[in-house]
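J.: Chain residues, written in single-letter form:
There are 2 protein chains.
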Amino acid sequence: MKFKLNYSLFCVLIFTCMAVYGQKKYVMVIHGGAGTILKKNMTPEKEAAYIADLTKALQSGYEVIKSGKTSMDAVEAAIHVMEDSPLFNAGKGAVFTHDGRNEMDAAVMDGKTLSAGSVAGVTVIRNPISAARAVMEKSEHVMMVGPGAEAFAKQAKLEIVDPSYFYTKERWDGLQKAIQEDSVKTVLDHGNKKSMKLGTINKDYKFGTVGAVALDKSGNLAAGTSTGGMTNKRYGRVGDAPIIGAGTYANNATAGISCTGWGEFYIRNVVAHDISAMMEYKKMSVADASKAVLAKVGKMGGDGGLIAMDKEGHVAMPFNTEGMYRGTVTADGKIEVLIYK
Amino acid sequence: MKFKLNYSLFCVLIFTCMAVYGQKKYVMVIHGGAGTILKKNMTPEKEAAYIADLTKALQSGYEVIKSGKTSMDAVEAAIHVMEDSPLFNAGKGAVFTHDGRNEMDAAVMDGKTLSAGSVAGVTVIRNPISAARAVMEKSEHVMMVGPGAEAFAKQAKLEIVDPSYFYTKERWDGLQKAIQEDSVKTVLDHGNKKSMKLGTINKDYKFGTVGAVALDKSGNLAAGTSTGGMTNKRYGRVGDAPIIGAGTYANNATAGISCTGWGEFYIRNVVAHDISAMMEYKKMSVADASKAVLAKVGKMGGDGGLIAMDKEGHVAMPFNTEGMYRGTVTADGKIEVLIYK
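Residue numbers (full-length UniProt numbering), protein chains in the order written: chain A, 1 to 341; chain B, 1 to 341.
These are computed hints drawn from the structure, not numbers from a lab.
Hints should not be assumed to be uniformly reliable.
For chains that are exact copies, the list does not tell them apart, and a pair is met inside one copy or across any two.
Unchecked claim - Straight-line alpha carbon distances no greater than 30 Å define the calculated BS3-like cross-link-like pairs of lysine-lysine that follow:
{"#": "1", "residue 1": "LYS169", "residue 2": "LYS282"}
{"#": "2", "residue 1": "LYS299", "residue 2": "LYS283"}
{"#": "3", "residue 1": "LYS40", "residue 2": "LYS283"}
{"#": "4", "residue 1": "LYS69", "residue 2": "LYS39"}
{"#": "5", "residue 1": "LYS157", "residue 2": "LYS311"}
{"#": "6", "residue 1": "LYS282", "residue 2": "LYS56"}
{"#": "7", "residue 1": "LYS291", "residue 2": "LYS112"}
{"#": "8", "residue 1": "LYS138", "residue 2": "LYS299"}
{"#": "9", "residue 1": "LYS311", "residue 2": "LYS291"}
{"#": "10", "residue 1": "LYS341", "residue 2": "LYS46"}
{"#": "11", "residue 1": "LYS296", "residue 2": "LYS138"}
{"#": "12", "residue 1": "LYS283", "residue 2": "LYS341"}
{"#": "13", "residue 1": "LYS138", "residue 2": "LYS24"}
{"#": "14", "residue 1": "LYS112", "residue 2": "LYS311"}
{"#": "15", "residue 1": "LYS169", "residue 2": "LYS311"}
{"#": "16", "residue 1": "LYS69", "residue 2": "LYS299"}
{"#": "17", "residue 1": "LYS217", "residue 2": "LYS39"}
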């Protein structure tokens with residue numbers, strides 16, 4: 001009997017060791033937006049292009065971490081790649097507003113100091129994520145919007161571009177389609193209370209966003225999110241990406257989080273901070289907390305996804321859409337990129 | 001022994017009933033900003049004026065609740081009084097930006113549905129709190145900023161005023177003083193890393209804000225916050241007031257919360273949602289959670305206060321400044337107004 005008990009204990013120990021040893025330690029996780037992404041609608045060329053740019057973003061972030069720089073440097077480097085790529089709804093490739101403009105939002109947060117920075121409604125800053133970082137590091141503010149944020153970015157010596165830099169034919173065509181669909185939708189929904197609202201959302205729109213969470217050699221977490229917002233948006237609408245606690249949050253005590261999806265639901269659920277709070281106050285794992293909070297969003301009618309990483313390098317990438325552009329890189333440099341369910 | 005046990009139980013029951021009966025049930029709590037408010041600096045006339053307007057705001061909210069309308073109606077009514085008063089930094093009486101403009105922010109949240117609305121950087125809407133409510137009720141968005149938010153408010157038939165409506169001599173003089181102090185501060189701090197930051201904050205500035213939380217006869221909570229932001233602010237700075245989860249939050253499961261203070265610290269600590277999360281996940285009381293979260297703000301170097309009320313009508317009004325304009329009204333209409341510690 002005694003031997004049997006010890007043997008059981010021995011087995012439990014062995015399995016525990018195997019589980020711990022076998023568990024990958026990640027240093028970065030990124031996303032390039034969640035939505036109706038189906039393999040049947042994707043050409044091999046387009047798929048390859050997405051995989052290439054997501055891989056490049058992860059490589060950039062990994063190089064930074066490997067060299068001993070901060071997680072914030074890694075987040076900025078990875079997001080630069082996605083902002084500079086026309087494939088993602090952030091920076092070059094941002095969707096158009098109803099007025100035919102590209103109005104971008106971005107935010108960063110440092111898990112060690114709980115410092116944060118964000119910009120909203122900027123139109124001439126090449127890399128909005130760097131503007132968010134500049135707000136955090138070079139001002140005593142957290143959030144700046146519109147022309148004021150742009151004046152600040154100029155003073156902070158960030159790269160300013162002509163708004164035409166952000167033009168891509170695909171997004172312009174997307175706006176024309178959205179305008180047409182919206183007007184059709186308004187006629188069809190005539191008399192429906194919901195459609196009488198100003199700024200009605202066509203659920204089929206893409207709410208693309210890019211984001212990254214990194215963990216550096218000092219054990220510090222950082223998170224960042226950058227977006228062009230919603231196609232055909234009006235009224236200076238701001239989504240969750242630049243809202244600290246909603247679309248972006250980082251705290252060394254819990255996790256770094258970046259969200260993508262139907263922003264209004266993410267704001268109302270204070271998604272990123274809620275995940276952190278569940279981890280801190282309910283002692284939930286990053287995976288369980290992420291799943292639980294995304295379920296709240298889904299229950300309310302919102303869709304999207306998120307990425308999260310805790311200080312041990314455990315990663316969660318849940319989404320309730322058809323797909324989410326996403327990827328990870330481990331401490332030993334192994335990159336994995338995924339698109340579909 | 002049996003009798004003794006029953007007797008003990010009887011005593012516990014009696015004391016519980018007494019405690020419940022003796023505990024006041026509040027239906028509304030308001031604040032008019034926290035800061036360096038000292039009795040020695042206050043004239044009897046000014047003090048009387050503040051008390052009169054805070055009382056009027058509470059009366060307005062109470063009448064709405066008494067008549068059976070919603071907590072959101074009560075919050076809007078109370079905040080209208082404070083926005084229309086030149087005494088508070090919201091609506092008429094809003095402080096001036098560096099460029100001599102009045103840029104206002106506001107937010108509301110409905111505890112039953114977790115619906116929310118907010119506006120930031122608006123300059124021509126007489127009552128920004130009503131614009132926030134319109135965003136919540138008449139659009140599918142949560143947050144709108146700048147001219148876009150104003151265009152929406154016009155379409156939603158809100159009262160539009162000339163920007164000169166918001167002028168008050170006291171606030172204009174405050175801006176001139178702030179500009180002078182800032183330039184002196186910059187010279188004095190020359191070489192100090194912190195002062196090299198763009199948009200340096202003079203800690204002596206007032207971060208006035210108004211806010212209200214109400215509980216209606218149906219047991220629903222609502223919260224709202226309205227502010228003119230920070231005197232001499234630049235770069236389109238946005239504080240915590242219009243950020244759902246930071247300065248404003250309501251959830252029937254926990255509490256309604258409205259904050260006032262140094263906004264940057266409230267955003268970084270996601271103050272309003274953190275109080276709610278502590279109540280939900282750690283089963284803390286509204287008083288203990290409010291105190292704990294304000295302590296986090298204080299530890300980080302931020303100052304201010306907040307009001308919070310749970311679904312049972314328990315109220316918390318902590319602040320770590322010299323004073324906070326605040327007041328409560330109970331279910332039986334008893335009004336209490338306080339200013340100092």
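J.: So, for every hint listed, does it hold in this structure?
T.: Structure-based check of all given hints:
1. LYS169 to LYS282: Answer is neither; intra-copy 47 Å and inter-copy 51 Å both fail.
2. LYS299 to LYS283: Answer is both; intra-copy 23 Å and inter-copy 23 Å each pass.
3. LYS40 to LYS283: So LYS40 and LYS283 fail the 30 Å test inside a copy (40 Å) and across (48 Å) alike.
4. LYS69 to LYS39: Neither. Shortest intra-copy (37 Å) and inter-copy (51 Å) distances fail the 30 Å Cα cut-off.
5. LYS157 to LYS311: neither (33 Å within a copy, 50 Å between copies)
6. LYS282 to LYS56: neither (37 Å within a copy, 42 Å between copies)
7. LYS291 to LYS112: Both: 24 Å inside a copy, 23 Å across copies.
8. LYS138 to LYS299: Cα proximity of LYS138 and LYS299: across copies only (22 Å, versus 40 Å in one copy).
9. LYS311 to LYS291: Both. Shortest intra-copy (18 Å) and inter-copy (28 Å) distances satisfy the 30 Å Cα cut-off.
10. LYS341 to LYS46: within (17 Å within a copy, 64 Å between copies)
11. LYS296 to LYS138: between (36 Å within a copy, 23 Å between copies)
12. LYS283 to LYS341: For LYS283 and LYS341, only the intra-copy Cα distance (28 Å) is at most 30 Å; the inter-copy one is 37 Å.
13. LYS138 to LYS24: Close neither inside one copy (36 Å) nor across copies (48 Å); limit 30 Å.
14. LYS112 to LYS311: Within one copy only: 11 Å inside, 35 Å across.
15. LYS169 to LYS311: neither (41 Å within a copy, 52 Å between copies)
16. LYS69 to LYS299: between (40 Å within a copy, 28 Å between copies)
17. LYS217 to LYS39: neither (37 Å within a copy, 52 Å between copies)
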